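Engineer: Sequences and hints are given; from them, build the entire structure.
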Amino acid sequence: MIDTTTKLNDHTVRYLDSNSNKQPVILLHGLGGCSDKWKSVIDILSASYRVIAPDIIGYGQSDKPVVNYTPTYMVSFVKKFITTIDIENPHIVGASLGGQVAVQFAARYKQYMSKLVLVSPAGIMKRSTPALDQYIMAALYPRESSVSHALQLMEGSERQPSKTLIQLFMTNMKRPNAKMAFMSSLLCFKNSNTIHRHLKKVTTPTLLVWGADDPIIPVSYAGKFTSALPNCTFTTISNCGHTPYVQHPELFCKILSDFFATQKH
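Going by this note's numbering, the first residue of the sequence shown is number 28, and it counts up by one from there.
Each hint should be verified, as a subset may be incorrect.
[What the hints assert, rightly or not] 20 Å max Cα-Cα, derived EDC-like pairs, lysine to aspartate or glutamate:
no., residue 1, residue 2
1, K49, D285
2, K190, D63
3, K137, E115
4, K49, D70
5, K201, D63
6, K107, D90
7, K201, E171
8, K206, D63
9, K107, D37
10, K34, D160
11, K217, E171
12, K201, D160
13, K190, E171
14, K49, D113
15, K281, D70
16, K206, D90
If you are wondering where the hints come from, they were derived from the structure by calculation, not from laboratory data. Just so it is clear, the structure is predicted and the values come from calculations on it, not from any experiment.
Structural biologist: Right, dumping it as structure tokens:
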């Protein structure tokens, strides 16, 4: 795996890349996330795929321009990223806010991708949840105790989050303009229309994956996606919260690999 950067317009974007000639898979993180949260998934999937995980612009080690981080801006970022690093027909995996971006990308640019995976996607839920509120507060005031509590709530379990994840989140949220980009994303996505109209346009074969105990975006919202997506397979992961790719990476990767291996229909 290489840790590298590319230029999109005048902005530097950092990404992780397993760097092979295999079928590409792009991993899009969620609000306040970064490519590092996908490392276990990259390690596993890279046996069969070229796996690429960017720090979405405004997050992690990528530049954080002072702009409105709207869904349209994020979709444009994904399009530019794919064309700039010159990959063809990737599978796209989007988690949480990254899932909403992936839906809107698939609705507009299906010719640039192969299959779509949505992991506990945002875009339908308009009311906040206590776990999401805690996560937002931890992002704005990143102290070890508040971050640890928020990440534990996110997982929906009693397990303590790793020191590595806690430190990673704190470091990223203390970067210049990080809180601005976080709040701009949160407000722009919250104030945007729900993605119902985009879902009906997504003809790409789609897998919806949800943690059964997700306290951030509860699994009860899954029906809104499955009823609107024309070509959707749905699975839940038990004993799992909002981040199955962190909590159960082996099972998560098997579910993805099985889906990628099926014929298009």
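Engineer: For each hint, tell me whether it holds in the structure or not.
Structural biologist: Comparing the hints with the structure gives:
Among the hinted pairs, K49 with D285 is consistent with the structure: their alpha-carbon atoms are about 16 Å apart, no more than 20 Å. Straight-line distance between C-alpha atoms of K190 and D63 comes to about 14 Å, which keeps the hinted pair within the 20 Å bound. This hinted pair checks out: K137 and E115 have alpha carbons roughly 12 Å apart, not beyond 20 Å. Between K49 and D70 the CA atoms are separated by roughly 14 Å; this keeps the pair inside 20 Å, and the hint holds.
With a CA separation close to 16 Å, the supplied pair K201 and D63 stays within the 20 Å bound. Restraint check for K107 and D90: the C-alpha separation of about 15 Å stays at or below 20 Å, so the hint holds. Straight-line distance between C-alpha atoms of K201 and E171 comes to about 12 Å, which keeps the hinted pair within the 20 Å bound. Taking the CA atoms of K206 and D63, the gap is near 19 Å; set against the 20 Å cutoff, the hint holds.
Annotation: proposed proximity of K107 to D37 holds, straight-line Cα distance about 12 Å (limit 20 Å). For the hint pairing K34 with D160, the CA-to-CA distance comes to about 34 Å; that exceeds 20 Å, so the pair is violated. For the hint linking K217 to E171, the alpha-carbon distance of about 27 Å lies beyond 20 Å, and the restraint is violated. Restraint check: the Cα-Cα separation between K201 and D160 comes to about 19 Å, which is no more than 20 Å; the hinted pair holds.
A C-alpha spacing of about 9 Å is found between K190 and E171, which places the hinted pair at or below 20 Å, so the restraint holds. About 13 Å separates the Cα atoms of K49 and D113, which keeps this hinted pair within 20 Å; it holds. For the hint pairing K281 with D70, the CA-to-CA distance comes to about 13 Å; that is within 20 Å, so the pair holds. Simply put, K206 and D90 have alpha-carbon atoms about 13 Å apart, close enough for the 20 Å limit, and the pair holds.
Going down the numbered hints, you'll see the structure goes against 10, 11, while the others check out.
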